[in-house]
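Chemist: Each chain, written out:
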Amino acid sequence: MQNKGKIITGLVIFIALFTFPFIYRMGKAAPAPDVVLTPKALAAKQCVRSTDYMTAEHMQLLDIWREKVVREGQRLYVTTDGRAFNMSLSNTCLDCHSNKAEFCDRCHDYASVKPYCWECHIDNPKGEKQ
Amino acid sequence: MNVNYIFSLIVVLALFLLAYVGVEAAGLQWLFGVVIPYAAVLIFIGGFISRILSWARSPVPFRIPTVGGQGRSLPWIKPNPIDSPSSSGSVVVRMLLEILLFRSLFRNTRADLVEGDKLAYRLEKWLWLFSLLFHYSFLVVFLRHFRFFLDPVPGCVQLLETLDGFLRIEFVNDAIQVGLPGFYISGLVLLAAATFLLLRRMFSAQVKYISLSSDYFPLFLIMGIAFTGIIMRYFLKTDIVAAKALVMGLVSFHPVFDPALTKSVSGVFYGHLFFVCVLLIYFPFSKLMHLGGIFLSPTRNLPNDTRMNRHVNTWNYPVEVHTYEEYEDEYREKMIEAGLPVEKE
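As they're listed, the protein sequences go chains A and B. Under numbering that gives the first Met the number 0, read the first sequence as residues 0 to 129, first letter to last. Under numbering that gives the first Met the number 0, read the second sequence as residues 0 to 344, first letter to last.
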């Protein structure tokens, strides 16, 4: 084999880069984070949509809400089971989920998502002490 | 219609259905989510190493660089150090330009008949442009996915995501909503560039003539990966925290079998994952090995120094030679006797 040193070095670097996630973790488990529901959220039992829908598609709902409120001037959201809500991140979502750090941020940090909601909205509109 | 691409397309669609039905109907999450991914990574690494070593073992007896410029010769003739490199420094520059910018593809030409029967070659930059777009967007997409493989997610991956999401394309109507989650340029560029490469094979007569199933299959497979990924991000959303938990389970050697988690991600996710596994398994045995092969291309990575250095074939058989001195020593007396001239009396 000619140029043995160079080829083996290149191969080792490639394998190290490719298996980097395995090396980075060193066999330590990294389970999904637990989100904390506030007593108010627990008491309400059901969010505006099913839990499955909210887990996967809440960002879509928020985007549509923003479109409706800001561009079409509609504020009323009626759920499929007939409950009515004010389409508002600060006044409706954060009313129950007032614990952004233990609710929103845990999953967002885990999945490296940086939502731009908080560029305009403050995360604690009522100024409650947490 | 062409049997080569129809066959590849059917295979790719069947692979997706296999994973989708296997998960949604047969409940084989453990197979498509744990066993196949581990097997794919092992086959990829093993196959990659053995392929590289088999190339490394093949003899390179001569300098065989293909050159595109004046080689180094007399001092008053200006050499072209990149297109005809004579030192290792020039070879490094040449290889970097080749690997990072696809320099030789930039010189790609297209042969056409013009004015009836005149053969004309013209520069053809589209292939170079779309290859570059394809490879770099694939690289960005690949690196971006490290947010699912690493925990905590390093800053450089987050920076890449921010740059990739630079265009905030937002669109909402009753049927379609795009904008949250943020739009990534790389995914769309990857799909568009792969589509161009596919259409080129389908509609350019010369390229179509030399294209085989093994050319179409990886294109369809990569388009399938990009397509399922885009679908999952913007349309049929899946629970990405559960998806990351499954992937982190694999990465940390704590595979997840808990049905609460494995069933909360959609069949499309398993289809996407299975496509990637098939790509990894297929990779070492296909033309995709140009990833490693480009570094070992003797027409690119050898300096053009045949007339500067003596290159001895490394596996030359040791030939026994009988020099004239030895010959004369052996036959001196007989040569003198016969009156032949000798060098040493």
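Hints listed in this document are in silico derivations from the structure and should not be mistaken for laboratory results. Don't take every hint at face value.
To be verified - Cross-link-like lysine-lysine pairs, in silico, DSBU-like; alpha carbons within 30 Å at most: (1) Lys236/B with Lys3/A; (2) Lys113/A with Lys3/A; (3) Lys236/B with Lys39/A; (4) Lys27/A with Lys124/B; (5) Lys44/A with Lys236/B; (6) Lys262/B with Lys99/A; (7) Lys207/B with Lys124/B.
Chemist: All hints, please: hold or fail.
Modeler: To see whether the hints hold, each was checked on the structure:
About 48 Å separates the Cα atoms of Lys236/B and Lys3/A, which puts this hinted pair outside 30 Å; it is violated. Under the criterion of a C-alpha separation no larger than 30 Å, the hint pairing Lys113/A with Lys3/A is inconsistent with the structure, at around 46 Å. Taking the CA atoms of Lys236/B and Lys39/A, the gap is about 28 Å. The hint holds against a cut of 30 Å. For the hint pairing Lys27/A with Lys124/B, the CA-to-CA distance comes to about 48 Å; that exceeds 30 Å, so the pair is violated.
Distance restraint check for Lys44/A and Lys236/B: the Cα-Cα separation of roughly 23 Å lies within the 30 Å cut-off, and the hinted pair is therefore satisfied. Taking the CA atoms of Lys262/B and Lys99/A, the gap is about 27 Å. The hint holds against a cut of 30 Å. For the given pair, Lys207/B sits about 18 Å from Lys124/B by alpha-carbon distance, which is consistent with the 30 Å threshold.
Checked against the numbered hints above, the structure breaks hints 1, 2, 4 and satisfies the rest.
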